[in-house]
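Trainee: Chains A and B are the protein sequences, given in the same order.
When we follow full-length UniProt numbering, the leftmost residue of the first sequence carries the number 1, and every step to the right adds one.
When we follow full-length UniProt numbering, the leftmost residue of the second sequence carries the number 1, and every step to the right adds one.
By construction, these hints were calculated from the structure, which means they are not laboratory data.
Remember, it's a predicted structure, so these values are computed and weren't measured experimentally.
A virtual CB, placed ideally from N, CA and C, is assigned to each residue, including glycine.
Treat each hint with caution, since some may be false.
Said to hold, decoys possible - Partial selection, computed: residues in chain B whose CB lies under 7 Å from chain A:
(1) Ala107
(2) Thr122
(3) Ala259
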Amino acid sequence: MHPVLTLVVQRIALGLLLLLAVSAVIFLGVAALPGDTAQAILGQSATPQALANLRTEMGLDQPALTRYFNWLGGILTGDLGTSLSNRTDIAAAISQRLGNTLFLAGWAAVISVPLAILLGLLAARYNGRWPDKLISGATLSTISLPEFVVGYIVLYFLAVKWQLFPSVAMVFPGMGMMERLNAVILPVIVLVLVVLAHMMRMTRAAILNVMQSAYIETAELKGLTPMRVIWRHAFPNAVAPVVNVVMLNLAYLVVGVVVVEVVFVYPGMGQYLVDHVAKRDLPVVQAVGLIFAAVYIGLNIMADVISILANPRLRHPK
Amino acid sequence: MAEMLLEIRNLRIEATSYPPGEPPRDVVLVDDVSVSVAKGRVLGLIGESGAGKSTIGLSSMAYGRGGVRLTGGTITLNGRDIRLVDARALRALRGREVTYVAQSAAAAFNPAIQLMDQVIETCLLHKVMGRAEAEARAVMLFGKLGLPNPESFGKRYPHQVSGGQLQRAMTAMALCPKPDLVIFDEPTTALDVTTQIEVLAAIKEAIHDTGVAALYITHDLAVVAQVADDILVLRHGKRVEYGATEQIITAPGEPYTQALVSVRSIEHVEKTDAPAVLQIQNVTARYQGTKFDVLKNITLDLPAGQTLAVVGESGSGKSTLARVITGLLPPGQGRIRFAGRELAPALAARTRDDLREVQMIYQMADTAMNPRQTVGTIIGRPLEFYFGLKGEAKRKRIQELLDQIEMGKGFIDRYPAELSGGQKQRVCIARALAAKPKLIICDEVTSALDPLVADGILKLLLALQAAEGVAYLFITHDLATVRAIADRIAVMYRGEVRRYGAKTDVLAPPFDDYTALLLSSVPEMKMGWLEGVLEGRRMAAAGN
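Build out the structure end to end from the sequences listed, making use of the hints.
Mentor: Next up, the structure:
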């Protein structure tokens, strides 16, 4: 087997193992919370008999280990359990929410990643001169503001004052692509502004680090233009650190957008989680937690795999 | 008179230096140097580090490394002063009219790009020829430079080929766009001596066949004598002597050039036998997680107060031997006896006296010292650690040691950054001596130094040996150094001792094949040496 394939398979196996461990931690954490789910549902006035019945019905009288494996088995067959608060199937509710969140995060990623890398390359090209300072200054100030502040500023100008885009990001099934895009454009702008700086700074730093190498001097002595030196000779060697930061930011786009979703009343995973935490709806919290963990681990595995593939020493062994 | 290609007049180059704890100041790197290269001729630039050789070489592409500035004079290339042309015109001449071969091809090739794409990049960029033609030319050059499988060589990545092959590939890269001038910046310095001779021959033949002019930069006069038509000797950025190669090496005019020609003239007569201080018995070693032995059944003796030189090329296992003796790498089999007792295999099991009596000096004095400690702290540490010296007693002993290494009073409070390369290595020697060792392992201690400075270090080591009776295990790849210092020699090749004995026996025929190859590969300071050796090898090969 090609050594790269071995490494990639190893990474994926490790990720799955990690996900299993996280599922145990989530389950234990939720189980350790004080209070009793049956009591929470039926209220203070419930009779002991009614509580016992409900516990049996929900399987709460079983030992924790049995409940954990039941939960795990359910997840593997696509059954995330039933919501306590409204008795609906969690998987069905989440799949729509997750689709919305991924739609928002996907567009934010499609715009922010190339933009951040391009700005990073430009900043490295004009290192220490005004374009570098302008790019760094602008992106650092957008990251320094809390995202809800950025959100309200964007809302004020683009939605209220100039009335270019809708202020509430309403999406529903059956909406056309362009309508959807128009609806989410403001939250996308806010998310782009929030994640741009990290990726841009990392690209810049990684490129500048590579620019110290002897082979960059070789490229300059070949008569290449500065931008071609950076793009052709420096960037391929700076991919690994950049990819790691990009993936962390993509993960943030999926699991960290709660505030932005609330600001724009967007029906995504974040709002869903916040709602059900408030209602002490533990099965939902568990399920959402596990999905977020899966996104994080999945993106980080992807970063590892891309870093491995970007390394010619691993790709082409002696 | 041949047509002039490059004419440098009154060149002055400056840079800003940032000494620690002082305000930045401008320093002159090259001062009033004039030199010219005719079409198809080879000019050798020679001098110690800091002489301005590379700086002058790069100035012929109007390139200043780091903050280096060309501040005066004219650089006329193909009839125009390239200090006056704009950035676009400079890019048009770099890689087209002038190309560059760096000292370390391993670092100068981009690790992420296939060799072929890098080699033909200038051809395509400057529209010298199309891709198909450029690839064909690259394959032709690979073949001419003696690279294996020229047809498929370009498909490889830099990490997949050896250092010597990369150096040749870099030469092919420089010759590919048919330049007028190639700058060779120490192209063989980083190579093993047996590889150096092959690369040198390949470069010389390629220069001859393509009729290109070249600037050949090196610190090794014997090397440059093989390829250059004329030689410019530089020191501290100034011209010392300029003349035809033959005149420079047979009748040098200036005292400095004479010193360069006669360097390595230390006469060291080997000592008679003495009881062994170090006995290495049937030692075999391998690194953890690997499957082959780096050292194979090594047996060596080092008599007390004498020097055993361990010679070999990179990968021969000589530094691993040092790691085994110091206990950093416990041997798989075999024993090490030292001063009449057996040393524990692992470092952790050794007594403090075991540690004290075996000291080390390293190749890179720079990285072997803490840059934030003064010379006094660095030398004082073993005094405190092994002998518990404090205060005035310690300071007095430090001063004694500084006197022994011929450095004055002022040095005790200096930082390593304020010392020259030779002074740094002297401080490392003093630190080793401070422990009053019976054995010092010297790992390539003169390899990073200029020849004259290295000579000074060798003389110091010999004097210290006479005074203190300390034994040296002297690891080196340089046979001239071995001749200067050794009482016994062990020639290592691929983890085995190929030849071992008293110096005069090892260096006298009959030789085994490897030792013969090694000895004949050391450049000699005479013209035509390279051709002579290669001719001899061809005849020997034909005779077999």
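Trainee: Thr122(B) was flagged as interface toward chain A. Is the shortest Cβ-Cβ separation under 7 Å?
Mentor: holds (5 Å)
Trainee: Is the shortest C-beta separation between Ala259(B) and chain A less than 7 Å?
Mentor: violated (31 Å)
Trainee: Answer holds if the nearest beta-carbon of chain A is closer than 7 Å to that of Ala107(B); otherwise answer violated.
Mentor: The hint holds - Ala107(B) has a Cβ within 7 Å of chain A, the shortest such distance being about 4 Å.
Going through the hint list in order, the structure does not satisfy hint 3, though it satisfies all others.
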